[in-house]
Structures are given as C-alpha cells and as structure tokens.
Amino acid sequence: MGIFASKTKRMRFWFLLSMTLYPVLHFLVFTVYVNFQTILYSFKRWNVATGNIDWVMFENYANIIDRLFTDQSYKYAMLNTMLWIPLNVLVLTPIAVFVAYMFSKKMRFHTFYRIVYFFPSIISIVIITMVFSFMFSPNLGIVNPILGLFGLESLQRTWLGDPSTALGTVFFFCIWAGIGFQAAILLGAISRIPNDLYEVGKLEGITPGKELIKVVVPMIWPTISTLVIIGTSASFTIFLQSKLLTNGGPNYSTNTAALQIVSLVTKGDYGNAAAFGIILAIIGFIVTWTIKYFLDKNQTVEY
Amino acid sequence: MKAKLLNRFSLLITVIFVLSLVLSACSGSNGANNSTNAGNTGGKPAEGAEGSSEEPKVLKVAFFQGGYGDSWFKELKKEFEAAHSNVTVELEGDPGIMDKMGPRFESGANLPDIAFLTNTNWQQWASQGYLTDLTDVFESSIKSQLNEAGQKYAIYQDKAYVIPWSDGVLGMAYNKGMFEENGWKVPETWAEFNELAPKIKAKGIAPIVYPGKVIGYWDFVVKPMIVQAGGFDYLDQLLTMDNPDVLNNPAKLTALQSFENLFKNDWILKGSEGLNHTESQMEFVNGKAAMIPNGNWLEAEMKASTPEGFRMAMMKVPAIEGAKEPNVQFSMVGDITVIPAKAKEQELAKEFLTFASSEAMNRKFTELTGNFRPFKYSLEGIEVSEFTQSVMDIMQNNKPFTFNTTSPMFMKMGLYPAGDAYGNIVFGSKTAEQQFNEDVKFAADKWDKYKEELGLK
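In order, the protein sequences belong to chains A and B.
In terms of UniProt numbering, the first sequence has 280 at position 280, counting the first letter as 1, and numbering is strictly consecutive.
In terms of UniProt numbering, the second sequence has 442 at position 442, counting the first letter as 1, and numbering is strictly consecutive.
If you're looking for bench data, these hints aren't it; they were derived computationally from the structure.
Any given hint might turn out to be false.
Stated by the list, open to error - Here are the computed lysine to aspartate or glutamate pairs in the EDC-like style, where the Cα-Cα straight-line distance is at most 16 Å:
hint : chain 1 : residue 1 : chain 2 : residue 2
1    : B       : Lys449    : A       : Asp66
2    : B       : Lys446    : A       : Asp71
3    : B       : Lys199    : B       : Asp266
4    : B       : Lys446    : A       : Asp66
5    : A       : Lys267    : B       : Asp99
With these hints in hand, go ahead and build the complete structure from the sequences.
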C-alpha cells in the first residue's frame with residue numbers, strides 16, 4: 001500500500017513529514033499570510049472616529065508619495081535609507097575585507113582582535129547603543145574629553161544631538177558594530193583560499209597590497225557579493241540603530257523609512273504604514289535586483 | 001488507482017492529525033499562561049460547589065507595571081479577596097502590556113477581566129467595540145468621587161468607556177536645595193524667570209536641562225503657556241476643532257515664542273539636545289541645571305540615582321505675560337482602567353472597579369506609590385515626601401486642564417500639524433512664527449481632505 005507498504009517507508013514518511021511540517025507552516029503563517037495581509041491593509045483606512053475599516057483603494061499610496069515630497073520626516077526617512085546602501089556597500093564591506101585580510105595574516109594578538117571586533121555582534125544592540133550613546137554623551141561621555149586632550153576643543157560637540165553630526169555618528173556606530181560580523185564571514189572565505197596561490201604570488205614578488213587586490217578579493221568575490229546583497233537589502237529594514245541612538249532625531253535628521261513605518265504603526269495608522277511598507281519593498285526589490293545584476297556579470301572564480 | 005487514492009487520503013488524515021496536534025498544543029500553552037494560580041482556573045464553578053450560592057470565581061486583573069509598581073495591586077487583591085471569600089484575584093503585571101493589549105483585544109483571546117493601562121489610542125478600541133460601556137457604574141458610584149478633570153476624561157462620545165486611573169501634574173521640577181541655598185525665589189511669571197536665569201547662570205549652572213531625544217517633554221511647559229495665554233475658552237475651541245482657524249490664535253504664537261526665547265537667551269544646558277530622558281534627569285540631580293520639564297513621577301523614577309540630601313520639588317509653569325489664566329496646572333489624567341467587552345466576569349470586574357475607587361483604596365494608592373488618583377479624597381495622616389507634597393499643593397491650588405479630546409479632527413490634526421514644532425524651533429530650522437504660520441496653512445489646506453478621511457462629510 002504505497003507509502004505505508006513497509007516499515008522503513010513508513011518511518012521515512014513520518015520522518016520527512018516531521019522535518020518539513022514546521023518550516024512549511026512557519027512559512028505559510030509568517031511569510032505568506034503576513035505579507036498578504038499587509039497588501040490588503042495598504043488599501044484600507046482605520047477610522048478613529050467611527051471605528052470602521054474602509055476600503056480606500058490607492059489613497060494610502062497617494063498619501064505616502066505626497067508626504068515623501070512635502071513632509072520633512074518622510075524626506076529624511078527616504079534619503080537616509082538610500083544613504084545606508086552606499087554606507088554598507090562602499091564603506092563597511094571594504095573595511096571588513098581589509099580587517100579580515102589582516103586577521104588572516106595572523107599578526108600578533110590576532111585572536112584577541114578577532115574577539116574584540118566580533119564583540120558587538122554578540123552583545124544585544126540595546127546594550128551597545130547605550131554604551132555608545134554614553135561615550136558620545138556631551139557632558140558625561142569620554143569622546144569630548146579625549147578630543148580636548150589632543151587640543152581639538154573646536155571639534156567637541158553634542159555628537160548625537162547636533163543635526164549636522166547625528167547621522168554621521170549613527171553611521172559610525174553602524175560601521176563599528178558591523179565590521180565584526182562581516183569580517184568573520186570573510187575570514188572564513190579567505191581561509192579556504194589554497195595556499196599555493198599565495199606562494200605563487202610570493203615567488204612573483206608581489207606586495208601585500210597587491211596580494212589583497214589581485215589574489216584575495218577575486219578569490220572571495222562570491223562571498224563579497226553575497227554581503228553586498230545582504231547589505232543592500234538590510235538598508236531597507238534598518239531602524240533600531242536610529243531608534244535607540246537618537247530616536248530618529250534631532251529634527252528627524254536620522255530618521256529611516258523603517259522607523260517611520262514603526263511610528264505609523266504605533267499611532268495605529270496601519271493603512272499608511274502598510275502602504276509605505278509596500279512602496280519600500282518595491283523600491284528595495286528594484287535596487288537590490290539591479291545591484292545583483294551587475295554583481296553577477298562579474299562572476300566567478302572556481303577553485 | 002484505489003491504492004493511490006487511499007494513500008492521498010491517509011496523507012490528508014495524517015496532515016490534519018498533526019496540524020490539530022500542533023494547534024491544540026498552541027492553545028494549550030496559551031491557557032497555561034493565563035492561569036498563574038493552578039487549581040482554580042477557568043472561572044467555572046467546581047462540581048462540588050453545586051447548590052452553594054458562593055460559586056468560586058477568578059478575577060483576572062492586568063496592569064501596566066511601571067512607575068507605580070505592583071504594591072497597590074497586591075493590596076487590592078488582599079482586600080478584595082477578604083471581602084469576597086469566593087473570589088480569587090489573579091494579577092498580571094507587565095511593563096510591556098501596552099504592546100500586547102491591542103492584539104489581545106483584536107483576537108479576543110487571553111483577555112483579562114479588568115485592565116489598568118497607560119493612556120493610549122483607547123478611543124479607537126472604544127469605537128471598535130472592544131470596551132465595555134461603563135456608564136452605569138460611572139453614574140451610580142464613581143462620578144461623584146472623581147475630580148473635575150477625571151469626570152471629563154471618562155466620557156467619550158457620551159459614554160464612559162474608561163475610568164481614569166492616576167492623576168498628577170505635568171510641568172517643571174526644580175532643585176529645591178539649590179534654590180534655598182542661594183536665596184532664589186521660585187519664579188511665578190516668565191518675567192521673574194528672566195530675572196532669575198542670569199543669576200543661575202552666573203553660578204555656572206544652567207537654568208534648564210531637557211531631554212533632546214524625547215523632545216515631547218516640552219509639551220509640559222508649552223501647553224500650559226497656551227492655556228495661560230488663551231484661557232479655557234481657547235482650550236475648548238482647540239479641543240473641539242470645528243474649523244481650521246482655531247490654530248490661528250495669538251495665544252499659541254505667544255507660547256511658542258516664549259519657548260523660543262529660552263533658546264535664544266541660551267538658558268539651556270549645553271548638550272541637552274543629545275540627551276534622553278534618563279540622562280537629562282541625571283544632569284538635573286547632579287546639580288548641572290536648576291530646572292527640568294518633567295512630571296510628578298520624577299522623584300520615584302530617579303530614586304536609585306539621586307544623591308543623598310538632594311531635594312527637589314515640582315513648580316507651576318511660570319505665567320506668561322498678560323495671561324488670562326495664570327493659575328492653571330496640566331493634569332496628567334490619562335492612564336486608564338478598562339473592562340474588555342469580552343471579559344468573562346463583567347459584573348465582578350465592575351465591583352472591583354468600584355472597590356478600587358473607594359476612599360480607602362485611593363488613600364492606599366498615594367500611601368504606597370507617592371502618586372495620586374484622580375479622585376476627591378483626603379490625604380490627612382498619609383506621610384508623603386517633600387516632592388509629593390509640592391505636587392499636591394499645585395493640584396489643590398490651580399485649575400486643572402488636559403489636552404484630552406474627543407474630537408477626531410484634533411486627534412488627526414494635532415496641535416502642530418506641520419510637524420515637529422519643538423525640534424524645528426530648537427534646531428533653528430524654523431522660527432516660532434514660521435512654525436505657527438505653517439501650522440495654520442497646513443490645517444487650512446488639509447481640512448477638507450481630513451474631514452473626508454474621517455467620514456465627517
């Protein structure tokens with residue numbers, strides 16, 4: 001009788017079922033259902049006065065697009081989200097490649113440095129943002145006194161409270177906290193590069209800088225491009241860093257699109273929140289796909 | 001063929017079987033979460049109690065466990081159980097309850113019988129039918145005990161859906177020790193403040209510190225100024241908001257401008273703009289600034305970090321020049337008690353609500369938490385701190401007002417429709433006057449659209 005014909009087959013069936021059931025259910029509920037609901041929500045409006053939930057078709061979308069051009073908080077939200085992409089792709093990943101390369105050279109205390117760099121990835125973001133925020137605190141922090149020590153009083157300021165430096169400081173935090181994770185993944189890739197390649201290089205007499213660019217980077221390109229894709233798509237969901245460091249301020253200068261959605265949801269404005277989410281998803285899809293297209297053109301090394 | 005069908009069939013059965021197992025496990029674990037008191041769950045009468053008039057009952061009480069702690073609820077449980085031998089009170093205190101109540105109302109699952117919550121979008125819950133109409137209890141036993149602001153707050157669309165839970169004062173706190181040491185008088189008007197501020201600064205102390213990351217704390221200062229300048233008539237107009245022109249009132253502009261002056265005159269602790277509320281309060285208790293916009297919870301919140309011998313008190317927001325109502329206080333009525341429409345023990349919950357509103361229990365609240373209930377009750381014989389005493393003095397000697405509204409338009413438009421007024425003014429991206437004008441223009445431009453969206457057309 002088919003799958004129940006023999007005991008082994010039966011066992012195999014139960015085994016497969018028990019292994020797949022949870023992920024499939026999880027996918028159906030938390031991905032399919034949730035996304036489907038979001039799409040529906042984006043066409044509805046919650047009315048505070050009457051308690052009705054009305055179909056409003058594309059009004060929420062029109063609202064959001066209008067606000068993106070007129071409302072300061074939305075403008076900043078979108079602009080900053082877009083700035084996060086080059087930050088992740090052009091700043092964070094190259095630094096992480098360099099750091100990983102240095103680790104792979106087994107310089108002195110390299111294990112210690114590896115742990116130090118990876119630390120921010122294992123500590124809760126609430127804690128590290130708090131520590132970071134205290135460091136940069138205008139009167140209690142250590143950053144301003146250190147600047148004073150070097151005679152740089154003119155640079156002392158309220159780093160996270162000044163609209164001209166707040167975003168830069170949040171970006172600095174993201175790099176500081178993000179290197180460890182990317183470097184760990186890249187280090188794994190570097191350690192798989194066959195040793196003969198380095199030896200050939202040495203015989204040819206190349207410098208470490210050339211080795212990094214001509215040998216290491218091409219060899220770990222697939223990993224780098226994965227990190228670039230992750231970094232790009234992550235930019236569209238980033239909000240905790242701003243929320244915890246600056247609460248989106250001062251004067252919205254560190255707001256992000258995802259944070260704006262969070263504040264819409266807190267206000268009970270589910271319709272607009274969902275519409276913004278969908279718009280963001282569409283933009284995110286186009287941007288990520290475009291970057292992926294160019295990365296794929298530039299593939300790949302086999303070894 | 002038949003075998004294949006049978007296979008499909010058995011597969012289906014298996015899936016359904018496993019699904020039901022998984023799902024029942026889910027609901028089972030929910031059930032376990034509900035009942036912390038094992039052995040007395042479900043609220044159903046036990047079989048053995050048949051015939052007895054005293055059926056054992058369980059009353060589930062959920063509350064926001066924040067600044068007021070849980071001691072008052074433990075006391076309520078003890079006293080209520082003593083008065084009702086058949087009732088067990090289950091307490092669920094949770095600092096994160098505000099994030100969970102919305103979904104719990106929406107799903108109707110795992111609901112408490114009565115909940116004490118912070119102010120939230122309860123008007124929406126009420127209009128969606130999640131809340132029990134408490135008008136009968138309100139009229140019969142609670143209304144006469146409530147203070148003026150509390151009575152007003154309870155009514156939404158002609159019905160009482162919430163009973164206010166706590167009361168207090170929003171305004172400014174000052175460093176009482178520092179003021180007395182230097183012989184400074186607490187400023188009653190902004191003119192007096194303007195005289196005092198340079199003296200404070202001369203001592204190397206900033207007159208004011210505020211939390212720049214939570215800039216809404218300025219509401220506690222600016223809103224009282226609006227009411228001082230415009231009087232209660234203007235407040236009524238604002239909170240009714242039946243035309244866009246209510247925002248075009250000089251009272252609002254005056255208030256914003258005197259707020260702007262604090263920054264123009266540089267009377268703010270340097271770096272305040274980068275502080276969160278805890279950090280700003282640290283600066284205050286460390287004596288770096290003489291005053292801070294805050295509320296009646298400040299003392300309790302800073303208990304652990306206040307240096308020995310530090311003395312603080314609340315002060316009335318100084319009166320604006322030419323104030324119509326110099327003696328007002330921004331009442332904090334806003335935290336709420338609700339009974340979910342789907343609560344199992346409706347009647348018992350109402351009884352509990354009345355019980356919690358009794359004079360004895362109100363006194364207990366102040367005694368145990370150092371905070372206030374929005375009821376008329378005597379505080380004689382209760383020992384309170386200097387800070388609590390100052391809150392009480394302000395509450396008793398000034399006319400209370402709130403910005404609680406039943407107008408959907410005000411809810412949607414707000415006081416500053418053109419955006420973050422305080423941020424714009426503090427960081428100089430707009431002057432008070434620009435902000436004021438843009439608010440007026442925004443309200444006029446969007447009026448019809450908002451009206452339509454609210455279904456008021």
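A quick look at each hint next to the structure:
no.: 1; hint: B:Lys449 / A:Asp66; in the structure: 13 Å, holds
no.: 2; hint: B:Lys446 / A:Asp71; in the structure: 13 Å, holds
no.: 3; hint: B:Lys199 / B:Asp266; in the structure: 13 Å, holds
no.: 4; hint: B:Lys446 / A:Asp66; in the structure: 12 Å, holds
no.: 5; hint: A:Lys267 / B:Asp99; in the structure: 12 Å, holds
When held up to the earlier numbered hints, the structure conflicts with none and fits them all.
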